[in-house]
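Turn these sequences into a full structure, and let the hints steer you where they fit.
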Amino acid sequence: MSVALVQIQSCTVDMIRIKCPYCGERDHSEFTYGGDASIKYPALDAPVSEWTKAIFFRENIRGMQKETWHHTNGCRLWLEVERSTITHEIKSVKACHPQIEKITKNKS
Amino acid sequence: MTRFNAWNVFKNGFTGQKSWDRQWRDPVPKKEYDIIIVGGGLHGLATAYYLAKNHNKKNIAVLEKGWIGGGNAGRNTTIVRSNYMMPGNHEFYEHSLKLWEDLSHDLNYNVMFSQRAHVSLFHSPGARDGAARRYNIMRLHGTDAELWDLETLKKNIPHLNYEDARFPIMGAAVQRRAGNARHDSAVWGYARAADSLGVDILQNCEVTGVKRSQNNIESLETSRGTIKAKKVGFAVAGHTSVLWQMAGLGNLPIESHKLQAFVTESIKPLLDHVVVYGVGGAHFYISQSDKGSMVFGGDLDWYKSYAQRGNLPIVQDCAEAAMAIMPCLGRIRLLRHWAGVMDMSMDGSFFICKTPLSNLYLNAGWNYGGFKASPASGWYFADLIANEQPHKHVQNHNLERFEKGINIDERGAGPDPKLHG
Chain A
1 MSVALVQIQS CTVDMIRIKC PYCGERDHSE FTYGGDASIK YPALDAPVSE
51 WTKAIFFREN IRGMQKETWH HTNGCRLWLE VERSTITHEI KSVKACHPQI
101 EKITKNKS
Chain B
1001 MTRFNAWNVF KNGFTGQKSW DRQWRDPVPK KEYDIIIVGG GLHGLATAYY
1051 LAKNHNKKNI AVLEKGWIGG GNAGRNTTIV RSNYMMPGNH EFYEHSLKLW
1101 EDLSHDLNYN VMFSQRAHVS LFHSPGARDG AARRYNIMRL HGTDAELWDL
1151 ETLKKNIPHL NYEDARFPIM GAAVQRRAGN ARHDSAVWGY ARAADSLGVD
1201 ILQNCEVTGV KRSQNNIESL ETSRGTIKAK KVGFAVAGHT SVLWQMAGLG
1251 NLPIESHKLQ AFVTESIKPL LDHVVVYGVG GAHFYISQSD KGSMVFGGDL
1301 DWYKSYAQRG NLPIVQDCAE AAMAIMPCLG RIRLLRHWAG VMDMSMDGSF
1351 FICKTPLSNL YLNAGWNYGG FKASPASGWY FADLIANEQP HKHVQNHNLE
1401 RFEKGINIDE RGAGPDPKLH G
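Read top to bottom, the protein sequences are chains A and B.
The numbering of the first sequence is our numbering, which starts it at 1 and goes up by one.
The numbering of the second sequence is our numbering, which starts it at 1001 and goes up by one.
Mixed in with the good hints, there may be bad ones.
[Claimed, not checked] Okay, derived cross-link-like pairs now, DSBU-like style, lysine-lysine, Cα gap no bigger than 35 Å in a straight line:
1) B/K1031 - B/K1211
2) B/K1418 - A/K91
3) B/K1057 - A/K66
4) B/K1230 - A/K53
[Stated by the list, open to error] These stretches of chain B come out as covered by chain A in the derived footprint (C-beta under 8 Å, 3 or more residues):
5) 1238 to 1246
6) 1306 to 1314
[Claimed, not checked] Short, incomplete list of chain A residues facing chain B, as computed with Cβ under 10 Å:
7) S29
8) T32
9) Y33
10) D36
11) K53
12) R58
13) E59
14) I61
15) G63
16) Q65
17) E67
18) R83
19) S84
Rather than coming from a laboratory, the hints here were simulated on the basis of the structure.
All values reported here derive from a predicted model rather than from experimental measurement.
Even for Gly, the Cβ is constructed at its ideal location relative to N, Cα and C.
Okay, structure coming up:
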């Protein structure tokens, strides 16, 4: 019962707060939602069916998913965010580009 | 089933309203049905109704996870219009509008369809030319459409901000036959009419699993037991991907996003039309309900979500848009706001099509426009299920259109679901 209550409480947060590794924790209104971060583009000469899958078809997860966000009104980094699409709870945030992650690590 | 007519209203008025029948039965699920429609929203119920009425099908069930009218049927802004221009879309939505025009008689249920005109404002010569093009295409296909100059607009809708708007209003593109309908009435009307033709409406009946062989569905596991089906139709927009994966079918060209709507306190008659305002980043539509509340909505919440609640930045955006075109609303109080989960498709158009499984049919991807589409959606989906052949108006509304490169992208926004508002 107490678990259920905690879930309901976490549901009432309307503003998502994203911990940008460079700028710190900010309101989601500073960011632009990108999309599914698990998409891998096929080789350029791959058949049309593979490109169709990569561009148009989505798993559309109901639960924890990896997705990209762009810190448009901040440092303009692209971030990979692990977020629940049911409760909006965020599990992890990191810079998409591994080289940039090195810099942000040094910063903290 | 007691019919609604003047005599019965009169009689019940004198007998304490006690002799009305239930609006629909509460049947025990049978072991097997010829056709099962998953999803007891407007689309699912309309499909069941037209299967029984147009195609004389018997032994049909509609499975609803919650209760009738509790999903997106109760979460929209009730606007009905047919101002589309892409081939397939304009025929489809025009057919839907024609069905709305006679729906109250057809269902013997007052859906309160009010053809109060849909007025889409424009604020620049470019926007005017774009609207002229779209509305001329509509006229060429027999849909009513007209452009109002500033004088006509001022005469019809005097309360807009004609004085000092950041984007001065230049005129409007208008569809007079468009308007509003009462959302609850539509869904209850379809449920009652389908039930009276023998359709079993099973509420609190959630599909929890799909048992299938290689090429077809054998039965559905539900919270009310296992039910076999010869044919299955999915009409669960918002959660289509969830059910699709339950059936082991992989990915769809759909993302689930949420869209908010708002209702204010009741005020005296202020606005006789549906007014739409779209300029810069804003997108805003407003009308006044029969109870006097201002009903309005705006953009999506801009990130994927299955949560049926909205975020605060969009509340602010909508309030700003309201103030931009109707500053007289400045002191009105908001009573409620809520969010519904939308199937946002990759080109902004819907799916009524066959699937990789021989006895499964898909009705999904309604984006912003599910409410107005529901009569035609049911009509053509029933036609597809009964005849195994898509009607020519929906022949390209399938899952293969992306690979073929024949996307039906009304807005020209590209493969990003959140942009197809």
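These are the hints, each one checked on the structure:
Straight-line distance between C-alpha atoms of B/K1031 and B/K1211 comes to about 14 Å, which keeps the hinted pair within the 35 Å bound. Restraint check: the Cα-Cα separation between B/K1418 and A/K91 comes to about 23 Å, which is no more than 35 Å; the hinted pair holds. A hinted pair counts as satisfied when its Cα atoms are at most 35 Å apart, and B/K1057 with A/K66 does not qualify at roughly 45 Å. For a cut-off of 35 Å, the pair hint linking B/K1230 to A/K53 stands: about 30 Å separates their Cα positions.
For a cut-off of 8 Å, the count of residues in the region 1238 to 1246 of chain B with a CB near a CB of chain A stands at 4, and the three-residue condition holds. Counting residues of the region 1306 to 1314 of chain B whose beta-carbon sits less than 8 Å from any beta-carbon of chain A gives 7, enough to reach three: the coverage restraint holds. Given hint, A/S29 at the interface with chain B, holds; its Cβ is 4 Å from that chain's nearest Cβ, closer than 10 Å. Look at A/T32: its Cβ gets to within about 7 Å of chain B, closer than 10 Å, so that hint holds up.
The interface hint given for A/Y33 holds, since its Cβ lies 4 Å from the closest Cβ of chain B, which is under the 10 Å cut-off. Taking 10 Å as the C-beta contact cut-off toward chain B, the hint placing A/D36 at the interface holds, the least distance being around 8 Å. Nearest Cβ of chain B to the Cβ of A/K53: about 7 Å, under the 10 Å cut. The hint holds. Annotation: interface hint on A/R58 holds; nearest CB of chain B at approximately 6 Å, less than 10 Å.
For A/E59, the shortest C-beta to C-beta distance to chain B is roughly 5 Å, which falls under 10 Å, so the interface hint holds. Checking A/I61 against chain B: minimum C-beta separation of about 8 Å stays under 10 Å; hint holds. The closest approach between the C-beta of A/G63 and any C-beta of chain B is roughly 9 Å, which is under the 10 Å cut-off, so the hint is satisfied. Because the closest C-beta pair between A/Q65 and chain B is about 8 Å apart, less than 10 Å, the hint holds.
The beta carbon of A/E67 comes within 7 Å of a beta carbon in chain B, closer than 10 Å, and the hint placing it at the interface holds. With 10 Å as the threshold, the beta carbon of A/R83 comes within range of chain B, its nearest partner Cβ sitting at about 8 Å, so the hint holds. At a threshold of 10 Å, the smallest CB-CB gap from A/S84 to chain B is about 9 Å, leaving the interface hint in force.
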